[in-house]
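Relying on the hints, combine the two individually framed chains into one complex.
What follows is each chain in one-letter form.
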Amino acid sequence: MSTGAVRAAGRSPRTQVGAFVGTSTLTRFTLRLDRVRILVWALVLGVLPASFLPALEDLMPTQEDRQLRAELIRGPAAVVMSGPGYGLDDYTYGAMVANEIGLLAVVAAAIMSILLVVRHTRTEEETGRAELVRANVVGRRAGLTSALISAVVANLAVGLLLTVGLTAGGLGAVDSLAFGAGVAAVGLVFAGVAALTAQLSEHARASTGLAMAFLGVSFALRAVGDVTELESGSPLTWLSPLGWAQATRVFVDLRWWPLALCLGLAVLTTALAFLLLGRRDVGAGLVRPRPGRAAGHPLLAGPFALTFRLHRAGLTAWGVAVLLAGLAFGALTDSVAEALVDNELLARTVMAGGGDDLVDGFLAAMLGYLAMAVGAYAVSSVLRLRAEETSGRLEPLLAAPVSRWRWLGAGLAVSALNCVVLLALAGLGTGVSSAVVTGDDGLVPALLGAALAFLPAVLLIAGVAALLLGLAPKALGLAWLVVAYALLVGLLGPLLNLPAAAADLSPFSHVPALPAVELALAPLVWLTGLALVSLLAGMAGFRRRDVPA
Amino acid sequence: MTTAIDIHRLSKSFGAVRALDELEMTVRPGEVAGFLGPNGAGKSTTIRVLLGLLRADSGRVRVLGADPWADAVELHRRIAYVPGDVNLWPGLTGGEAIDLFCRLRGGVDPRRRAALVERFELDPTKKGRTYSKGNRQKVALVAALASDAELLVLDEPTSGLDPLMEVVFQQCVAEAKAEGRTVLLSSHILAEVEKLCDTVTIIRAGRTVRSGTLTELRHLTRTSITVATEHDGTSVAALSGVHDLRERSGTLVFDVDNDDLDRVMRHLAGLGIRSLVSSPPSLEELFLRHYGDEAALAGGGRR
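Chains L and F, in that order, are what the protein sequence lines are.
Under the UniProt record's numbering, the first residue of the first sequence carries the number 1, and numbering increases by one thereafter.
Under the UniProt record's numbering, the first residue of the second sequence carries the number 1, and numbering increases by one thereafter.
In case anyone wonders, no lab produced these hints; they're calculated from the structure.
Be aware that a few hints might be false.
Unchecked claim - Derived lysine to any residue pairs resembling SDA-like cross-links, with alpha carbons at most 25 Å apart:
no.	chain 1	residue 1	chain 2	residue 2
1	F	Lys195	F	Glu150
2	F	Lys195	F	Arg210
3	F	Lys133	L	Ala206
4	F	Lys195	F	Val167
5	F	Lys133	L	Ser391
6	F	Lys195	F	Asn39
7	L	Lys474	F	Glu24
8	F	Lys195	F	Glu24
9	F	Lys133	F	Ala174
10	F	Lys127	L	Arg293
11	F	Lys195	F	Gly30
12	F	Lys127	L	Arg290
13	F	Lys195	F	Trp89
14	F	Lys133	L	Gly128
15	L	Lys474	F	Phe14
16	F	Lys177	F	Gly212
17	F	Lys126	L	Ser391
18	F	Lys127	L	Met212
19	L	Lys474	F	Asp57
20	F	Lys177	F	Gly30
21	F	Lys126	L	Gly283
22	F	Lys127	L	Ala305
23	F	Lys126	L	Ala301
24	F	Lys133	L	Arg129
25	F	Lys126	L	Val287
26	L	Lys474	F	Trp89
Isolated chain F, as found in the complex (with noise of 0.2 Å):
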C-alpha cells in the first residue's frame, strides 16, 4: 500500500531563509496526522509544496503516490484543501464560492452541501466580504468537506470557530476517517490535535524534531508526580530519571522520565506511599519542552 504523504529530506528556500531544512514526514492512508510547531516554523510552506504551489528544492515529496508539481491536476481530483488565511471574493456570497470550488471538483451531491452548510450554520447568501473570519473558514470546510477527497488537507482549519463549530468540525473529521479518509491536520489547538489525530509531526525551523503515534510520543516524555510518603522521601532526587523536584507542605513534586517510572514507584513504595497523584503528559508540556526549553535542545537531547 502506497504511504499518502511521504516527504523526505524536503527543502525549500526563499532567497537567504531556508524555510524547509530536509523536513521528514510520512503519513499513512486513512490515518489523521497532526502536524505541529510553532509559527513560522514552515507548516504552510510545507503544505503549499504538498499541494504543487511551490516547487521543492531537493529532496522526495510523494502524495498519493504521485509528485505533487508534475501531477498537479489530477493529484488535485483526490485532494481537499482548507488553507489557514480564507480569502473570498469580496462580490461573491459565500453560497457561490463554494458551488464554484464544488464544480471545478466536478459536482457534489447537493444534499450533502446542504447538510454541512446547515451543520455549520453558515448563511450562504451573504457576500464574501461581509463575513468574519469563522465563516470565512466555514466556507472553505463546507466546499472541502463536501468533496469525495480521499486526502484532506487542512491547514489550521478552526482557527477562527467557535467551540461549538469545533465540536461539530471534529465529528467532520471523525466522520472523514470513519469513511478510510486521510487527514492532513495542521493546528496549534493541541486538546484538538489529541483528540483527533492518531499520529503527530512536529517541526520547528523547517526541520522535523518529533514525528510517531501519540502513544509514542507520550512514552518518551515526563510524567509528573505529586506524593506525599510516611517517611522522608528527598531520596528520590537521587535517582536517575527524575526532574525538578520540589517539596511544597509536605508533599514532593517532580517529573518522571516514563523509562524510569516503574523503578521510581517501587522506590516510593518503600517509603510508604499516602497519596499519589500522576498525571500523563499532555500534548501541551510535549510540545513546550521542545519549543520552551531552547536549553534542553541546545544541549542536543531529551534528557
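Chain L on its own, in the form it takes in the complex (with noise of 0.2 Å):
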C-alpha cells in the first residue's frame, strides 16, 4: 500500500496523499487501546440520561409537581447550573431531560473529546512514542487523523446509545435522535478544539489545561449569557458551543440549524490544526516553554514548603469550584424556600439534618454537600502523597536527613490546612451570596462558622486515608468508599429511610446541621478525637513499613 502512496506523493512535491499513509492501522490501533475506555465513556454518557427517566416520574408523578420544578429552573442560580431553561410553562420529562441532564452530558462529552485527542496526539509525542511510530512508513498527518477518527466514532457511540435511551424510555424519537446529535456535535467542536491546543504546547497536561480552559470560558459565556437574557438568549451565548447544542430546543421547539454551528466549528478547529501541525516538528511546540527559577525560592527548604508547593494548583482550582459552588447555592436561598413550602418531599430531603426554618435547613444542607467534596479533596490529597511514593520521588528525600513522621507529617498537615481554607470558602461564597439575595449579612458568619463545623469529619476522612497509607498502602484508593458513603447517605439517605445507625456510619451525619440547629460541641469533640488517633496511627504505621511498599 505504500508504494502506491509514495509514488504519488511523488508525483507532485506539494501532493499531500502520503502525509496519510497509515491512517487506518493507526486509527484500528488507537480504537484498540481505548476500546474500554470508549466503551465506558458511551455507557455510562449515553444511558445515564436515560437512566433518570424512571425517578423522575417517580419523584414528580403529576403535572402540579413538575410544574413546582420548573419554578426552581427558573431562579437564577439554576440557569447559571444548567441552561436557559426552554418549556417551562409546560414542564414535561423530556423538556427536564434537556434542561437539567443536557448540558452536564455536553460537558462530559467536550471532556472526553478532549482526553481522547490529546491522549493520541501530544502525549504520544511526549512520552516519544510517536518518534517511534513516525519512523515507520507512515504519514505527517497520519497521527492527528487517527486521533479524530476515534473521537467521531466514541461521540456517534455516545450519541446513538443516548438516542435510543431515550426513545426506549419513552421520549419522542426525533428529539431524543437531536439530544444525541447535539451531544455528539459539541463533542467534536472540542475534539478539534483539543486538536488544535495539542499542537500549541509540547506538554500533554498543559495541552488538555488549554482544552479545558476553553470549555470553562464557553460554560461561562452561556452562564451570564442566559442570566442576563433569559427568553431569547443573549449574544454571549450565541458565543459558546455549548449554547449552541441548548438552542437546539428539544424536547419543545425543535430547531436543527444550531447544531450546522457546531459541525462549522468542528471543521475549522481541525484544518487549523492540520495547519499547524503541517509547520512544526516533532515534539516540538509553537508555544516556546519558558525558563523557570534557576534556584530554589528561599522558602523551599523543607517537606512543608515542598508538598504545599506541590498542592498549590489543585488547591487553586479546588478552591476555585467550591467557591463558585457556594455562591450557586447561596443564590438559590430566596427560591428555594418558596419551593419548599409547598413540596413535602423535597423538604424532607432538605430538612434531614433537623430543625424548623426552612432556609437555614436548605444552606445547611447544601455546605453539607460542599464538606463532602471537601472530604473528596481530602482523599485526593493523601493520594498525591502516596503517588510521591509510588514514582521513586520520595526516596531521595527520606535518604536526606528527613525523617518519615516529619515528610509524612508535613504532608497531612498541608491537607489539613488546605482542607480548612476550602472548607472556609465554601462557607464563604454561600453566606455572600445568601446574605446578598436576603438582605441579612449575618449570613456570612454564620455559614462561614456552620462550613468549619465541617472539619472534624473532613478530617476523620483524611484520617481513615492516612492510616490505609501508613497500614495497607496498596488500598488506599478504599478511602474513596468513606466519602461515597457518606455522600450516599447525605443524597439519599432521606429518600431511602435509611436506618439511623446506618446513616450514624457517615461521618457527616455527626455535624451539627448549622445554622438549622444549636451547636452542639460533643460530637465535635469526639469526631476530633478520633481523626487525631487515626491521622497518628497512619504516621506510625508508615514509620514501621518499608519504602516503597
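Next up, the structure:
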C-alpha cells in the first residue's frame, strides 16, 4: 500500500496523499487501545440520562409537581448551572432531561473528546512513542487523523446510545435523536479544539489545560448570557458551543440549524490544527516553554514547603470550584425557600439535619454537600502523597536527613490546612451570595462558622486515608468508599429512609446542621479525637513499613 | 576505625520472593567500592536497606557505625544518594530541586553548586518534566556532589550520561576520594568500575559471589594467551590450569589460570616461543564468568 502512496507523493512534491499513509492501521490501533475507555464513556454518558427518566416519573408524577420543579429551574442559580430552561411553562419529562441533564451530558462529551484527542496526539509525542511510530511508513498527518477519527467514533457511540435510550424511555424519537446529535456535535467541537491546543504546547498537560480552559470559558459565556437574557438568548450565549446545543430546544420546540454551527466550528478548528501540524517539528510546540527559576525560592527548604508547592495548583482549582458552587447554592436561597413550602418530599430531603427553618435547613444541607466535596479533596490529597512514594520521588527525600514522621506530618498538615481553606471558601461563598439575596448580613459569619464545623468530619476522612497509607498503602483507594458512602447517605438517605445506624456510619451525619440547629460541641470533640487518633496511627504505621511498599 | 559499610548475612524478602539471601559486604572508609550484579540481583534493594528505606528481615547492617533503620535521620546528614531512576517533580525546575535537596541537608556552598552545574553543563531553569534521563541524573548528581557527605551512595549514576559527562563524573568521584570520602558505586559499566573502584562486590540472586580488591579478583581468574612456537605446542593441553585450547592458523589460543601461569610459561619456553600475546583478565571476563557460565557455577567452583 505504501508504494502507491509514495509514488503519488512523488509525482508532485506538494501533494499531500503521502501524509495520510498508515491512517487506517493507526485508527484501528487507537480504537484497540481505547476500547474499554470509549465503551465506559459511551455507556455512562449514553445510558445515564435515560436511566433518570423512571426516577423523575417517580419523584414528580403530576403536572403540579413538575411545575413546582420548573419554578426551581427558573431561579438564576439553576440557569447558571444548567441552562436557559426552555419549556418551563409546560414542564414535560423531555424538557426536564434537556434542561437538567443536557448541559451535563454536553460538558461530559467535551471532556471525553479533549482527553481522547490529547492522549493520542500530544501525549504520544511527549513520551516519544510518536517518534517510534513516525519512523515507520506513516504519514505526517496520520496520527492526528486517526485520533480525530477515534473521537468521531466515540461521539457517535454516545449520540447513538443517547438516542436509543431516551426513545426507549418513552420520549419522542426525533427529539431524542436531536439530543444525541447535539451532545455528539459539541463533543466533536472540543475534539477539534483539543487537536488545535495539542499543536500549541509541548506538554500534554498544558494542551489538556488549554482545551479545558476553552470549555470553561464556553460555560461561563453561556452562563452569563443565559442569566442576563432569560427568554431569547443573548449574543454571549451564541458565542458558546455549549449554548448552541441547548439552542436546539429539544423536546420543546425543536430546531436543527444550531448544530450546523457546531459542525462548522469542528471543521474550522480541525483545519487549523492540520495547518499548524504541517509547520512544526515532531515533539515541538508552537509556544516556546518559558524557563523557570534557576534557584529555589528561599522558602522551598523542607517537606512542608515542598508539599504545599506541589498542592498549590490543585488547591487553587478546588478553591475556585468550591467558591463558585457556594455562591451558586447561596443564590438559590430565596427561590428554594418558596418551592420547599409546597413540596413535602423535597423538604424532607433538605430538612434531614433537623431544625424547622426551611432556609437555614437548605443552607445547612448545601454546606453538607460542599463539605463532602472537601472530604473528596482530603482523600485526593493523601493519594498525592502516595503518588510521591510510588513515583520514586520520596526516596531521595527520605535519603536526606528527613524523618518519615516529618515528611508525612508535613504532608498531612498541608492537607488539613487546605481543607480548612476550602471549607472557609465554601462557607464564605454560600454566605455572601445568600446574604446578597436575602439582605441578611448575619448569614456570612453564620455560614462561615457552619462550614468550619465540618472540619472534624473532613479530618476524620483524611485520617482514614492516612491510616490506609500507613498500614495498607496498596488499599489506599478504599478511602474513596468513605466519601462515596457519606455522599450516598447525604443525597439519598432521607429518600430511602435509611436506618439511623446506617446513617450514623457517615462522619457527616454527626455534624450539627448549622445554622438550622443549635451548636452541639460533643460530637465535634469526639470526631476530632477520632481523626487525630487515626492520623497519628497512620503516621506510626508509615514509620514502620518499607518505602516504597 | 569503623567500617563505612558493614553488611553481614543480610536477608530481605518481598512476600515469597527472596530478594536478598544472606548478603555480605564490607566497605572501608575512603574506599571507592564497586557494586556489581545483573538486573534483579538485589543491588537497589541492598542500597535501600542501607538508606533505611527498607527494613532488613535478618542480618547485621551498619553504615558509618550506625543502624540505618533506627538512626536514619542522623545518618542521612552524612550520606548523599543518587537513585538509579531519578524522578523529579514535573513542575519544579532542576535548580529548585537541587536547592531543596541541599537545604534539607542544611545548606550548600553556592560556589560549589554553581561549579558543578557548570561542569555537568546542566540547564537549571528547565522544568523537571522536560529533562531527559541523563539530565535528571545530572540534577541528582549535582545535589549529591555539592554536599559534604562522608558517604556517597550512587546507584547506576551514569546510565544516562554521555561519554563526556561520564568523564566529568569520574573526575568528581576521584576528587571525592581525594577528599577522603567513601563511595559506593553500583554500575553496569565495567570499564568505569575498573577505572574508579578499589574494591568490588559482585552479587547474584541476592547473594555475594565475589568480593575483594580488583587485584585479588584478577588473581582468581584466567589470562588469555595467544602463542606461536617452534615445536608442536599441543602438549600444553595436558597441563593443569589450561582451558579452551584452540589452534588457529599455526598459533595456539588458550586461557590459563593465573596460579598456573608460571609453570605453563616455563613449558612454552622449552618449545621455543616465536610470538606471544597475553591479555590480562578484564572485569568483563570476570563478570561474564560468574553470570554467563551457568555450568561452572552449578559445578560449584571456578575451575
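How the hints compare with the structure:
The straight-line distance between the Cα atoms of Lys195 (chain F) and Glu150 (chain F) is roughly 21 Å, inside the 25 Å bound, and the hint therefore holds. The hinted pair formed by Lys195 (chain F) and Arg210 (chain F) meets the criterion: a straight-line CA distance of about 18 Å does not exceed 25 Å. A C-alpha spacing of about 21 Å is found between Lys133 (chain F) and Ala206 (chain L), which places the hinted pair at or below 25 Å, so the restraint holds. Taken as a hint, the Lys195 (chain F) and Val167 (chain F) pair is honoured in the structure, with Cα atoms around 11 Å apart against an allowance of 25 Å.
Between Lys133 (chain F) and Ser391 (chain L), the direct Cα distance comes to roughly 14 Å. Compliance with the 25 Å bound is thereby established for this hinted pair. Annotation: proposed proximity of Lys195 (chain F) to Asn39 (chain F) holds, straight-line Cα distance about 22 Å (limit 25 Å). About 31 Å separates the Cα atoms of Lys474 (chain L) and Glu24 (chain F), which puts this hinted pair outside 25 Å; it is violated. Restraint check: the Cα-Cα separation between Lys195 (chain F) and Glu24 (chain F) comes to about 23 Å, which is no more than 25 Å; the hinted pair holds.
Taking the CA atoms of Lys133 (chain F) and Ala174 (chain F), the gap is about 24 Å. The hint holds against a cut of 25 Å. Under the criterion of a C-alpha separation no larger than 25 Å, the hint pairing Lys127 (chain F) with Arg293 (chain L) is consistent with the structure, at around 9 Å. The suggested pairing of Lys195 (chain F) with Gly30 (chain F) holds, with an alpha-carbon distance near 16 Å, which does not exceed 25 Å. With a C-alpha separation of about 9 Å, the suggested pair Lys127 (chain F) and Arg290 (chain L) falls inside the 25 Å cut-off, and the hint holds.
Taking the CA atoms of Lys195 (chain F) and Trp89 (chain F), the gap is near 33 Å; set against the 25 Å cutoff, the hint is violated. At roughly 13 Å between alpha-carbon atoms, Lys133 (chain F) and Gly128 (chain L) fall within 25 Å of each other, so this suggested pair holds. Between Lys474 (chain L) and Phe14 (chain F), the direct Cα distance comes to roughly 14 Å. Compliance with the 25 Å bound is thereby established for this hinted pair. Proposed proximity of Lys177 (chain F) and Gly212 (chain F) is supported: the alpha carbons are some 18 Å apart, at most 25 Å.
Simply put, Lys126 (chain F) and Ser391 (chain L) have alpha-carbon atoms about 20 Å apart, close enough for the 25 Å limit, and the pair holds. Annotation: proposed proximity of Lys127 (chain F) to Met212 (chain L) holds, straight-line Cα distance about 22 Å (limit 25 Å). The suggested pairing of Lys474 (chain L) with Asp57 (chain F) holds, with an alpha-carbon distance near 21 Å, which does not exceed 25 Å. With a C-alpha separation of about 6 Å, the suggested pairing of Lys177 (chain F) with Gly30 (chain F) holds against the 25 Å cut-off.
Note on Lys126 (chain F) and Gly283 (chain L): the hinted pairing holds, with a Cα-Cα distance of about 16 Å set against a maximum of 25 Å. Restraint check: the Cα-Cα separation between Lys127 (chain F) and Ala305 (chain L) comes to about 18 Å, which is no more than 25 Å; the hinted pair holds. Between Lys126 (chain F) and Ala301 (chain L), the direct Cα distance comes to roughly 19 Å. Compliance with the 25 Å bound is thereby established for this hinted pair. Distance restraint check for Lys133 (chain F) and Arg129 (chain L): the Cα-Cα separation of roughly 16 Å lies within the 25 Å cut-off, and the hinted pair is therefore satisfied.
For the suggested pair Lys126 (chain F) and Val287 (chain L), the alpha carbons sit about 15 Å apart, so the restraint of at most 25 Å is met. Only pairs whose Cα atoms come within 25 Å are accepted, and Lys474 (chain L) paired with Trp89 (chain F) is accepted, the gap being roughly 22 Å.
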